[in-house]
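A.B. asks: Spelled out, the chains give:
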Amino acid sequence: MRATDLPDTELLALARTQPDVLGVIYERHAPVVYRYLARRVGPAAAEDLLAEVFVAALGARLRVQPHDSGSALPWLYGIAGNVVRSYLRRSRGHSLADDVPAVDWDAVDARLDAAALRGQLQAALAALTDGEREMLLLVAWEGLSPTEAAEALGLTPVNARSRLHRARSRAQSVLDQLTPAEL
Amino acid sequence: MNLDTLLRDSAAVPDAAPRVLISGRTTLDAAITAAGAQRVAAIRVIRQRRRRRLSVTALVAAAAAFAFVIAPTLSLGGKAPVSAASAAQVMRQAAAAAGAQPGGWPDAAYWHSVSTYHQGSGSAHQREAWIGHTAPGVLTDDGVDTGFIPLDEAVFPAGGRGLSWDELYALPTDSVALESNLRAGIGGVGNSDDAELFVIVGDLLRESPASPALRQALWEVAARIPGVTLVGAVTDSAGRAGVAVERGDQRYVLDPNDGRLLEESSGSSAPAPEAPGGTAWRATYLEQGPANSAPATTWVEPTKESMASAAKASN
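Protein chains in written order, with this note's numbering: chain R, 1 to 183; chain E, 1 to 315.
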């Protein structure tokens with residue numbers, strides 16, 4: 001029984017001076033981080049980006065503050081979001097200054113069975129700000145609590161809840177306005 | 001359409017295949033190994049990042065500024081003052097003086113060094129390292145972390161490669177052979193091969209058990225690098241008298257009487273996008289020498305017993 005049995009908070013504290021502890025964090029969270037990536041950029045790109053997230057985490061470990069939830073995941077999601085944005089900028093030839101939603105819509109549409117549904121989620125989420133969209137997806141796709149999503153996005157829990165509420169009602173109202181033909 | 005249904009339907013993705021997880025872990029492990037090696041040379045890493053941020057314009061501007069430096073009158077090694085001594089002359093004298101020092105530590109257990117450094121507009125940091133020959137070392141550096149920081153075995157950076165203690169001792173001590181060996185290892189690192197070679201000389205002199213013969217050869221190599229200019233007699237931040245030479249933004253303060261590297265600095269105090277306090281960096285080397293042992297680190301690998309007692313204590 002060794003470092004593999006320590007909780008995330010202790011691992012993150014150790015990782016500051018023991019970079020190999022990131023290996024334990026990888027074993028624990030890589031499958032979930034992979035799914036986060038696959039939801040946003042598709043399985044093929046997720047394969048390439050998985051290591052990139054953890055290598056970035058290695059570089060960021062001196063700045064990490066353990067979260068109340070005791071999980072390293074909110075922190076990893078925050079890093080993964082940056083990796084996805086940077087990947088999408090690269091692949092679309094955008095510059096750093098361009099605002100790029102951290103989702104590849106083609107990858108999302110590929111998962112929806114009915115052709116009629118394709119484009120609907122994009123239409124609904126396009127009405128949101130980047131922060132609102134990320135908040136909604138962390139909760140709906142990744143199953144984070146609003147408090148954990150707040151950690152990933154650097155918000156207070158109160159701000160996170162109101163942002164989530166705003167995001168949900170705005171997205172639903174866009175869906176409601178789509179004509180029956182579009183449904 | 002209901003938002004929750006749409007979100008739920010779009011959330012389903014396949015799990016990562018085992019080969020994907022293994023491949024990611026392999027990449028991460030390589031980065032972890034590199035991070036361990038970089039920690040050994042934390043100073044080097046800090047400086048290298050800054051160096052790469054410098055634009056060509058900044059270097060040209062710096063070089064132009066040096067053109068106005070007037071060659072000073074120096075007192076070298078207790079001899080009569082030498083007028084307009086060139087940087088090469090100063091470094092050749094340092095080489096001879098370094099080679100005349102006693103010592104050579106091919107079998108020492110640790111290399112102990114004490115220094116202070118200063119970055120940007122921040123405060124000065126204290127740094128003390130015990131670099132292990134074949135065992136893990138220990139670092140205290142209040143700019144990195146509090147307490148004892150475990151280090152991997154010694155890795156001395158030299159351009160694009162890292163040298164072990166024994167590899168350091170296997171370097172040629174003939175300066176011509178040394179120069180071609182070092183140039184071959186640069187591997188495209190740095191602004192130019194000449195700039196990087198000048199940096200490597202510092203890398204192998206600071207926090208390093210390099211023998212007197214290697215130190216002599218290193219200063220002889222430095223004396224042949226084009227573009228090194230003499231700044232003149234200076235007092236370092238520890239109040240010691242020395243002579244400064246520089247190339248581009250990299251400056252060394254050396255003691256020509258014994259060949260010691262006293263201090264080095266680089267960068268600019270001008271605010272940069274990634275360094276609002278400027279990129280200036282200065283390190284002052286106060287002492288270094290062999291050691292038989294290093295302090296025990298506070299971090300102990302958790303065992304079944306310690307985990308059990310910790311669990312009991314928290315219940």
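If you're looking for bench data, these hints aren't it; they were derived computationally from the structure.
None of these values were measured; they are calculated from a predicted model.
A hint or two may mislead.
As the list claims (entries may be wrong) - Across the chosen pairs, the derived CB separations fall in these ranges: (1) E:193 <-> R:113: 50 to 60 Å; (2) E:164 <-> R:105: 42 to 52 Å; (3) R:165 <-> E:18: 23 to 33 Å; (4) E:4 <-> R:156: 20 to 30 Å; (5) R:92 <-> E:134: 30 to 40 Å; (6) E:269 <-> R:143: 26 to 36 Å; (7) E:134 <-> R:130: 34 to 44 Å.
Quick reminder that beta carbons are idealized off the backbone N, C-alpha and C, glycines included.
A.B. asks: Now tell me if each hint is right for this structure.
C.D. replies: To see whether the hints hold, each was checked on the structure:
1. E:193 <-> R:113: 50 to 60 Å: 59 Å, holds
2. E:164 <-> R:105: 42 to 52 Å: Because 51 Å falls inside the window, the suggested range holds.
3. R:165 <-> E:18: 23 to 33 Å: With Cβ atoms ~40 Å apart, the hint is violated.
4. E:4 <-> R:156: 20 to 30 Å: 25 Å, holds
5. R:92 <-> E:134: 30 to 40 Å: Given range 30 to 40 Å: violated, Cβ gap about 50 Å.
6. E:269 <-> R:143: 26 to 36 Å: Roughly 49 Å apart at Cβ, these two residues miss the hinted range, so it is violated.
7. E:134 <-> R:130: 34 to 44 Å: Because 51 Å falls outside the window, the suggested range is violated.
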